[in-house]
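> Construct all of the structure, not just a fragment, from the sequences and the given hints.
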Amino acid sequence: MQTAPRHFLSTLDWSRAEIESVLADAKQMKATRKSAQASERFGAGALAGKSVALVFFNPSLRTRSSFEIGIFEMGGHAVVLEPGKGAWPIEYRDGMVMDGEAEEHVEEVARVLSRYCDLIAVRAFPKFQRWEDDREDLVIKGFAKYATVPVVNMETITHPCQELALALTLKERLGTTDGKKFLLTWTYHPKPLNTAVANSGLIIAAKLGFDVTLLCPTPEYVLDSRYMDAARASVAENGRTLTVSHDPASAYAGAHMVYAKSWGALPYFGRWEDEKPIREKHKHFMVDEQKMALTVDGGKGLFSHCLPLRRNVKATDAVVSSPSSLVIDEAENRLHVQKALLRRLLSGHAK
Amino acid sequence: MQTAPRHFLSTLDWSRAEIESVLADAKQMKATRKSAQASERFGAGALAGKSVALVFFNPSLRTRSSFEIGIFEMGGHAVVLEPGKGAWPIEYRDGMVMDGEAEEHVEEVARVLSRYCDLIAVRAFPKFQRWEDDREDLVIKGFAKYATVPVVNMETITHPCQELALALTLKERLGTTDGKKFLLTWTYHPKPLNTAVANSGLIIAAKLGFDVTLLCPTPEYVLDSRYMDAARASVAENGRTLTVSHDPASAYAGAHMVYAKSWGALPYFGRWEDEKPIREKHKHFMVDEQKMALTVDGGKGLFSHCLPLRRNVKATDAVVSSPSSLVIDEAENRLHVQKALLRRLLSGHAK
Amino acid sequence: MQTAPRHFLSTLDWSRAEIESVLADAKQMKATRKSAQASERFGAGALAGKSVALVFFNPSLRTRSSFEIGIFEMGGHAVVLEPGKGAWPIEYRDGMVMDGEAEEHVEEVARVLSRYCDLIAVRAFPKFQRWEDDREDLVIKGFAKYATVPVVNMETITHPCQELALALTLKERLGTTDGKKFLLTWTYHPKPLNTAVANSGLIIAAKLGFDVTLLCPTPEYVLDSRYMDAARASVAENGRTLTVSHDPASAYAGAHMVYAKSWGALPYFGRWEDEKPIREKHKHFMVDEQKMALTVDGGKGLFSHCLPLRRNVKATDAVVSSPSSLVIDEAENRLHVQKALLRRLLSGHAK
Numbered sequence: 001m002q003t004a005p006r007h008f009l010s011t012l013d014w015s016r017a018e019i020e021s022v023l024a025d026a027k028q029m030k031a032t033r034k035s036a037q038a039s040e041r042f043g044a045g046a047l048a049g050k051s052v053a054l055v056f057f058n059p060s061l062r063t064r065s066s067f068e069i070g071i072f073e074m075g076g077h078a079v080v081l082e083p084g085k086g087a088w089p090i091e092y093r094d095g096m097v098m099d100g101e102a103e104e105h106v107e108e109v110a111r112v113l114s115r116y117c118d119l120i121a122v123r124a125f126p127k128f129q130r131w132e133d134d135r136e137d138l139v140i141k142g143f144a145k146y147a148t149v150p151v152v153n154m155e156t157i158t159h160p161c162q163e164l165a166l167a168l169t170l171k172e173r174l175g176t177t178d179g180k181k182f183l184l185t186w187t188y189h190p191k192p193l194n195t196a197v198a199n200s201g202l203i204i205a206a207k208l209g210f211d212v213t214l215l216c217p218t219p220e221y222v223l224d225s226r227y228m229d230a231a232r233a234s235v236a237e238n239g240r241t242l243t244v245s246h247d248p249a250s251a252y253a254g255a256h257m258v259y260a261k262s263w264g265a266l267p268y269f270g271r272w273e274d275e276k277p278i279r280e281k282h283k284h285f286m287v288d289e290q291k292m293a294l295t296v297d298g299g300k301g302l303f304s305h306c307l308p309l310r311r312n313v314k315a316t317d318a319v320v321s322s323p324s325s326l327v328i329d330e331a332e333n334r335l336h337v338q339k340a341l342l343r344r345l346l347s348g349h350a351k
Numbered sequence: 001m002q003t004a005p006r007h008f009l010s011t012l013d014w015s016r017a018e019i020e021s022v023l024a025d026a027k028q029m030k031a032t033r034k035s036a037q038a039s040e041r042f043g044a045g046a047l048a049g050k051s052v053a054l055v056f057f058n059p060s061l062r063t064r065s066s067f068e069i070g071i072f073e074m075g076g077h078a079v080v081l082e083p084g085k086g087a088w089p090i091e092y093r094d095g096m097v098m099d100g101e102a103e104e105h106v107e108e109v110a111r112v113l114s115r116y117c118d119l120i121a122v123r124a125f126p127k128f129q130r131w132e133d134d135r136e137d138l139v140i141k142g143f144a145k146y147a148t149v150p151v152v153n154m155e156t157i158t159h160p161c162q163e164l165a166l167a168l169t170l171k172e173r174l175g176t177t178d179g180k181k182f183l184l185t186w187t188y189h190p191k192p193l194n195t196a197v198a199n200s201g202l203i204i205a206a207k208l209g210f211d212v213t214l215l216c217p218t219p220e221y222v223l224d225s226r227y228m229d230a231a232r233a234s235v236a237e238n239g240r241t242l243t244v245s246h247d248p249a250s251a252y253a254g255a256h257m258v259y260a261k262s263w264g265a266l267p268y269f270g271r272w273e274d275e276k277p278i279r280e281k282h283k284h285f286m287v288d289e290q291k292m293a294l295t296v297d298g299g300k301g302l303f304s305h306c307l308p309l310r311r312n313v314k315a316t317d318a319v320v321s322s323p324s325s326l327v328i329d330e331a332e333n334r335l336h337v338q339k340a341l342l343r344r345l346l347s348g349h350a351k
Numbered sequence: 001m002q003t004a005p006r007h008f009l010s011t012l013d014w015s016r017a018e019i020e021s022v023l024a025d026a027k028q029m030k031a032t033r034k035s036a037q038a039s040e041r042f043g044a045g046a047l048a049g050k051s052v053a054l055v056f057f058n059p060s061l062r063t064r065s066s067f068e069i070g071i072f073e074m075g076g077h078a079v080v081l082e083p084g085k086g087a088w089p090i091e092y093r094d095g096m097v098m099d100g101e102a103e104e105h106v107e108e109v110a111r112v113l114s115r116y117c118d119l120i121a122v123r124a125f126p127k128f129q130r131w132e133d134d135r136e137d138l139v140i141k142g143f144a145k146y147a148t149v150p151v152v153n154m155e156t157i158t159h160p161c162q163e164l165a166l167a168l169t170l171k172e173r174l175g176t177t178d179g180k181k182f183l184l185t186w187t188y189h190p191k192p193l194n195t196a197v198a199n200s201g202l203i204i205a206a207k208l209g210f211d212v213t214l215l216c217p218t219p220e221y222v223l224d225s226r227y228m229d230a231a232r233a234s235v236a237e238n239g240r241t242l243t244v245s246h247d248p249a250s251a252y253a254g255a256h257m258v259y260a261k262s263w264g265a266l267p268y269f270g271r272w273e274d275e276k277p278i279r280e281k282h283k284h285f286m287v288d289e290q291k292m293a294l295t296v297d298g299g300k301g302l303f304s305h306c307l308p309l310r311r312n313v314k315a316t317d318a319v320v321s322s323p324s325s326l327v328i329d330e331a332e333n334r335l336h337v338q339k340a341l342l343r344r345l346l347s348g349h350a351k
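Residue numbers (the numbering used here), protein chains in the order written: chain A, 1 to 351; chain B, 1 to 351; chain C, 1 to 351.
Because the hints were derived from the structure by calculation, they are not lab data. Any given hint might turn out to be false.
Copies of the same chain look alike in the list, so a pair counts if it works inside one copy or between any two.
To be verified - Calculated lysine to any residue pairs in the SDA-like style (CA-CA distance at most 25 angstroms, straight line):
1. K27 x A48
2. K300 x A48
3. K27 x R16
4. K34 x E220
Next comes the structure, spelled out in structure tokens:
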């Protein structure tokens with residue numbers, strides 16, 4: 001019997017030192033990307049001859065492109081699977097009499113893919129009906145339970161690959177992150193969205209030594225206790241602070257980094273019509289030049305967002321297109337951090 | 001003018017010796033897979049620089065993954081096409097005035113793909129309205145008629161690649177197959193399913209020298225005469241027997257191998273509501289520990305199924321997860337047998 | 001700041017000499033394809049280690065296969081993206097408050113893909129409601145405006161890659177094209193179709209020195225002035241003629257080449273029911289043996305169509321399957337011309 005593989009399901013399971021080490025690898029791989037390509041692919045590529053299954057239960061543009069290309073650049077091959085579209089619906093609970101919709105159990109899916117592939121990456125968004133269910137993260141946990149190869153989270157209720165990309169981008173622009181001020185701000189969006197990137201922004205900023213402020217319309221928009229508690233533990237360990245604010249002016253004051261994201265309030269899961277009036281009342285949370293002027297050094301704060309981004313709804317054109325905007329760099333860095341992560345998971349470096 | 005390519009449309013067109021030779025290649029390729037990958041891909045790969053079109057008229061997880069990865073591991077590239085989703089509906093009958101839905105004739109599709117690719121693989125399930133139509137297998141025959149490269153069946157009304165995978169798995173576990181008892185058992189499923197894997201299990205077991213028993217609820221579930229006759233011819237040639245049974249206890253007695261599959265009864269095509277009560281009455285055909293206890297050597301019989309498999313409907317958790325269950329091995333072997341098959345078809349070994 | 005990349009949005013932006021040079025490369029690459037494959041892929045491939053995004057807003061069989069395979073044969077990797085299916089809806093207009101359907105602006109899409117990929121190819125059909133809108137070609141122009149890598153048109157309101165394939169095929173069969181007679185004939189189709197291939201057939205034939213005849217049911221079927229004017233300018237430059245005809249007999253007389261295509265009349269955009277009776281009255285525009293007998297040298301004229309082709313609606317079986325039919329060769333040549341084009345755009349040859 002093999003030992004269980006190391007997965008990448010959440011950064012909560014990875015120490016700051018491990019994360020920093022992946023980021024250092026990514027930085028080096030980014031620097032040598034153009035020269036490395038041709039030679040890496042031919043024999044020396046870290047994924048030469050290896051295959052990775054990319055299992056998408058939800059749509060994707062950046063995630064799919066960056067994984068597929070990163071795997072190719074290291075000599076490997078990505079198989080893109082879309083269960084429910086090009087494949088069968090799947091059961092995740094053990095011991096079920098499977099006489100409903102599901103044609104297949106995740107045990108067989110994960111075990112068979114483990115025979116074909118060297119790694120399985122999964123995207124599975126929450127269903128948005130009951131947060132108590134969604135927070136169990138059953139889909140990716142089912143894959144991780146039965147797979148005999150590493151499993152990587154491509155966004156479920158957190159988005160740890162986005163965290164790595166954000167972290168690399170922050171290090172590129174800020175150098176050290178310790179003691180700087182990271183503002184995670186809720187913004188308006190016409191639909192209630194997944195909390196994944198908000199959870200992720202919170203925990204990675206706390207882990208990297210920032211003083212973290214969470215700005216949101218009301219206490220109902222505070223994130224799940226699992227992530228709030230983890231962030232509190234991280235800031236305590238780093239000697240930093242975590243602040244929840246509902247006042248934009250004080251929250252933006254002195255921020256080195258403004259990270260914007262929209263999300264639905266957890267108490268409103270399954271009754272989104274009731275949340276709508278609250279959201280509509282907070283359209284002014286949009287990131288604009290006036291708010292950015294309050295950031296560190298008279299408005300020198302950085303801005304980013306994970307994309308896709310609705311311009312002039314979440315942030316103004318002027319903010320998104322300014323030299324302080326990291327959105328394109330952060331998206332690019334998805335490629336580099338994922339390459340470093342996959343190389344590590346597949347080389348046995350991960351312990 | 002080139003000579004017509006050798007296709008792989010059905011094992012009925014391939015001799016036992018040819019099948020055994022493909023299996024021997026697959027066994028060797030499986031043994032050396034991990035060491036072979038890196039070097040095979042770079043120059044020496046049997047499919048180096050070659051492309052294969054995978055044409056899916058129906059969804060797939062294992063078939064798509066195993067073909068794509070197998071082709072990659074031999075240095076080739078798979079193009080996945082899904083006519084009707086990402087491409088045009090196609091006409092298969094010659095001489096038609098094409099003023100209906102079809103935008104294109106299979107003659108052009110097959111001839112153009114033959115210019116781009118080195119091999120075309122096709123999945124096209126029956127339509128389940130009239131078995132007289134479905135049994136003509138027009139889609140893959142249309143591709144085979146006009147293609148100037150080999151055409152491979154990825155499941156139509158038989159599933160010959162699954163046959164090869166099953167056969168390799170049986171040889172791995174049983175050594176010689178001659179004179180052993182193979183039970184093909186119908187099982188319940190909430191919907192009527194394709195007979196393809198049942199037809200395939202029947203004819204490959206008969207070809208490989210098993211004594212074959214077909215267990216099904218009533219005579220209406222006996223398979224099409226084309227496959228029953230072929231199985232009878234094979235067992236006669238091998239000096240073996242083919243038995244049809246409607247009694248689980250006697251059918252399981254002494255079996256070396258229990259192969260489970262659900263399928264719809266041919267006389268009920270197009271009026272499936274009439275078949276439903278019969279199926280519902282035979283839920284007890286599920287493979288369970290009690291039945292498996294009747295197999296050879298006091299219950300040492302093996303079990304398999306082609307997947308996807310509904311647990312506790314077609315077979316119990318205990319059977320599916322037992323050490324006698326071959327479901328994961330059989331699925332894995334899809335990769336190896338398909339690699340061996342494609343290498344043969346593309347190397348000119350096939351005659 | 002980099003200089004703007006050279007795009008391939010329309011042959012109107014490329015000189016005849018540039019087009020002829022791409023065709024010469026394609027001819028050479030076609031001749032050496034089989035021998036080149038293995039070695040080209042390993043290190044020396046013109047796209048070794050490079051990635052190309054194929055962005056499909058509309059379905060495709062030949063375009064997708066020929067691009068994917070061509071890129072593979074040169075050592076690169078194609079990522080296939082289908083916005084709206086597997087990805088997000090996109091905004092193309094600048095300065096919008098994005099509170100509608102679009103989740104993302106083309107500026108971010110194009111800039112991020114430019115970081116991941118070396119080239120972006122886009123298929124985006126017109127919407128068929130208002131020709132005034134469709135003729136602006138906003139989608140591909142949006143990509144071209146913001147991409148920092150070359151953008152290639154895989155069919156929008158013209159189909160320049162098809163033009164290159166047609167041109168190569170004509171050169172293979174006719175040798176010189178100057179002074180020969182090219183007939184572009186409208187044909188019946190049950191639905192109104194895009195004018196893209198008609199526009200393209202017209203402008204490439206004019207550019208290559210043909211005497212060009214456009215045969216269509218009524219003056220309403222004449223193509224957009226942008227393409228008519230360009231064709232007139234080309235024939236003037238080459239000392240040739242452009243003729244519009246509504247009479248099949250005179251139009252076919254002496255033609256070296258008959259290129260068939262159906263399209264919807266521009267004045268009927270958005271009210272297609274009114275156009276239907278006109279189309280229905282012109283089913284006899286189908287290309288048949290009688291009409292082909294009027295072509296050059298007592299019926300030695302060539303025939304082609306871009307595929308997909310409805311047999312016995314657009315052209316008879318006898319015409320499509322005759323030795324004078326170029327449909328399969330033209331489709332094959334997509335592969336070769338696109339390889340030559342991509343190699344040029346990515347090697348810095350393009351100025």
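> Compare the structure with each hint and give your call.
A quick look at each hint next to the structure:
1. K27 x A48: For K27 and A48, the Cα distance is within 25 angstroms both inside one copy (21 angstroms) and across copies (23 angstroms).
2. K300 x A48: neither (43 angstroms within a copy, 41 angstroms between copies)
3. K27 x R16: Result: close within a single copy only, 16 angstroms intra versus 45 angstroms inter.
4. K34 x E220: neither (47 angstroms within a copy, 52 angstroms between copies)
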